[in-house]
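Engineer: As a plain string of letters, each chain reads:
Number of protein chains: 2
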Amino acid sequence: MINIAILGFGVVGSGVADLLSKNKKQIADLVGEELNIKYILDLREFPDSPFGHLVIHDFDTIVNDESIDTVIEVMGGSHPAYEFTKSALSRGKNVVSSNKEVVANFGDEFLRLAKENSVSYRFEASVGGGIPIIDPLVSTLRHNDTQEVRGILNGTTNYILTKMFTLGESFENALKAAQERGYAERNPDADILGIDAARKIVILAAIVTGKLIPVDSIHTEGITGIRDSDIKLAESIGRKIKLVARCIVNDGAPTVMVAPFMLSEASPLMHADGVYNAVEYIGSPLGNIMMYGKGAGAGATASAVVSDVVSCCAKVGSLSLGFTKVKEGGNFLDFASQTYLAFAPEHADEVMLAFDDAVRVRAEECAVITSLMTEADIEKKLCALGEKGIVPLSRIRLL
Amino acid sequence: MINIAILGFGVVGSGVADLLSKNKKQIADLVGEELNIKYILDLREFPDSPFGHLVIHDFDTIVNDESIDTVIEVMGGSHPAYEFTKSALSRGKNVVSSNKEVVANFGDEFLRLAKENSVSYRFEASVGGGIPIIDPLVSTLRHNDTQEVRGILNGTTNYILTKMFTLGESFENALKAAQERGYAERNPDADILGIDAARKIVILAAIVTGKLIPVDSIHTEGITGIRDSDIKLAESIGRKIKLVARCIVNDGAPTVMVAPFMLSEASPLMHADGVYNAVEYIGSPLGNIMMYGKGAGAGATASAVVSDVVSCCAKVGSLSLGFTKVKEGGNFLDFASQTYLAFAPEHADEVMLAFDDAVRVRAEECAVITSLMTEADIEKKLCALGEKGIVPLSRIRLL
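Chains as they are written, first to last, in the working numbering: chain A, 1 to 399; chain B, 1001 to 1399.
Just so you know, these hints were derived from the structure itself, not from any lab.
Relax, there's no trap hidden among the hints.
Here are some chain A residues the structure puts well away from chain B; computed CB gaps all over 10 Å:
| no. | residue |
| --- | --- |
| 1 | Ser49 |
| 2 | Asp60 |
| 3 | Arg112 |
| 4 | Asn117 |
| 5 | Lys232 |
| 6 | Thr324 |
| 7 | Lys325 |
| 8 | Lys388 |
Under 7 Å between C-beta atoms, here's a sample of chain A residues computed to sit facing chain B:
| no. | residue |
| --- | --- |
| 9 | Asn23 |
| 10 | Gly299 |
| 11 | Ser303 |
Each residue gets a CB set at the ideal place from its N, CA and C atoms; glycine is no exception.
Isolated chain A, as found in the complex (with noise of 0.2 Å):
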C-alpha cells in the first residue's frame, strides 16, 4: 500500500480524490500496488464528503509522516504551495502538481531538489488539462530540432472568442455569459489578460530548451481589444481570431509571446473551439504534431493528476529534465507577421501612405493587412502616424 497526501480539497482535489477512489482496483493493477488517500490538506472541514474524516489542517503532520509516498499539490497560487513542495521534494516525497503558477515561478528549483532526493516532481496537470501534453513533450520529442510549441492554452478566453465567432456577441456579453456557465472567474483578470497562458507557455518553452523565462518578461496580449468587427473581418478572409501562446525556437533560443492571432485553415489550431485547448508541437524529421482537448474541469484535471500519480507511485521513470532560470523570453522585436490593423476611414490616405505595400481589406474602416515586417519595423510605423493623432483601432496579427 502507497500513502499519499492530497494539498487543497477544492474542485480539482475532490477530482482526484473521487478518481482514486471509483478507480482503485484499476489504478492499482498499473502501480502494482493499492493507493491510499491517507490525509487531505485544507483549511476548511467537510462534514459531508466520504473524505471528510480524512481532512487535517497542519502540513506538519504530512511531511513528517514517513509514510507518505507521494503528495498531491492542488491548491493553487504561489504560497504557501511553493514552501509545501519544497518541504516535501526536501523530506524524499514525489510531488504532483497542478499549480501553474508554481511550475512556472519555481520549476528550476523544484525539478533540482527532486533530483538531489532521488523523487519525482511532475506537472501533467498544469497545462492543458487532461490532454497529455508535457509528458509528450519530455519523454517522446525532444529528440527532434524544435522549431516551434504553440497552443491554444486558456479555456475561458477561447470560450468567450468562439461565442463571438458564432453567435456575433460583443466581448463584454460574451464574457458574462462565460461567467454565468462557470468558465470564467468573477475576477477574469488573468485569463482575459493572458496572464494565464503566459504561465502555460513558459513552462511548455522550459521543457523544449531547458530555459525558464520569467513570466512577466513576455509580450503578453489579452483579448480585451477585440471589437466585433475584428471578428468579421476575421471571418470574411476564412480566419478565426485566437488567443495564441507561441514559443518559437531558433538555435534552441526561444522566443515566447502570448497575443490573439487571426489563425487560417492552414492550422490545425484554428478548429479547437469553446473551452478546448490545443498545443502544436512543430520539429525536425516529425513535422508537425496536435494534442487537443478540455482545457480544465474536475474531470479533466483529475485524469491528468491521477497519471502523474500512478507514474510516481509505479517508479516509472522519464527522461531527465532540468530548467535553467533565464532574463527574458527573447527578442519580440525581430518577430516578424503580417498583422491586420484597422482605423478610423479618414485616416486612409495616410495609412495607406504609411503601410504602402500593405493590402486593403474593408472599406468602411481603413483595414489594412500588412507585409510580412517586424514588430520594430511596424512599431516605428506606427509611431509616426501616433505623432500625427493616429492611432489603430485594432492590431491582431496573422498565423
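Knowing the structure of chain A, use the given hints to seat chain B on it.
Structural biologist: Here is chain B on its own, set in the frame of chain A:
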C-alpha cells in the same frame, strides 16, 4: 556507448539512421550515453550510403553480439520479422518496431517474452507515424474508464477521400493521384480495403483492453465503394466521409471495426485531412482528447522509432503492458448507428416502406438516413429488399 542494430534499410530504416546520426549529441544528452549504430541488416548493399560499411546480411551476427543492447525492426511484413524479434528478445535485447503487422499478430508473445527477459518491446511507430499515440495510451490514460478509441489511421485513404471531397474527383482518379505522389503503393489493396487501418486499431484496442483480437475477425470495409455522389451528399448535410477505425468499449469488452463514416463538425476527427492521421480517445472522467499529425513519411516515422530507442536505452520504464489473444472483436451485429443508404430512384416507394422512419435526403436517387438501428436490424430489412432485387448503391454509417 550503447550499441544498436537496425533491421531493414528502407525508407524508415535510413530515416532512423539519419536522425540518430544528425542529432547524435542531443540524443546522447537525453539517454546519458552515446548511441552507436553497429550493424544494419539488409539483403542489399548500399555502397553510396554513409552507413554502407555497417550493412551486413546475416542476422546471427547481431543476435550473437552481446554488445548489442537494442534492435530496431523496421523491415515490415510478418516473416522473418517475427523470428528475428523473438530471437532478439529471447537473447535479452530490447526491440523497437514500426511494423504494425507483427505487432497486431504477435504482440502478445513479444510483450511476454520481453517481460521474461527483463527488456522492452516498444512499437510507437506502428500506429500514427510520428504522433505520440501508443505511449500516452499505455502510460497516461489507462486509469480512465475507456469508452472508445477511434481514429483516422490510414493516410492513403484519407488523402484519396480528401481529394474526392475538395476537388470532386472520382475514386479512381484520386487513387491514381495518390500513387503518382507516392502516397499509395502500386498494389494499394491493404490501404483501400481497410486492412492497414484494421491492424492499427487492433493494436490500440489491445492497449486499452488488454485483448489482442485477430485482424481478420473484425468488420472491415474499405473505401472502394464510395461514389462521388456520396461525397457530395455528405457535404450537403455538413459532413465529410472518412475511413474510421473504432474500438468501442463496454465494461472492458471491445467492439472493433473499420468502415467509412460520415463525420460531423461535432467530431474533431473531421478536420484531419490529406495524409494526416488523428486518434480520439474518449474516457471517464477525462472526456475526449485527440492526437493529430502526419501518419507516415520517413521523418515522422523515424521520430517515433527514435523516441522508443531513447526510452529503451535510457532505461526509462513504462507501466506494465500485456496482451491476451482472444477469438474475436465483439459482436458487430449489436452495433447501432444511423446509416445513409442510397438506392435507384425507382425503388423509392419500397425503400420508404421498409425504412418507414428514415429521412429522405436526396431526390435524384432514393437517398435516406435511417433512425438509430443495430446492424442486425438494418441487415434484416436490406435482406428483405434484396429478395425483391433491390440493393443499395451506397451504405455509409453516420458518426
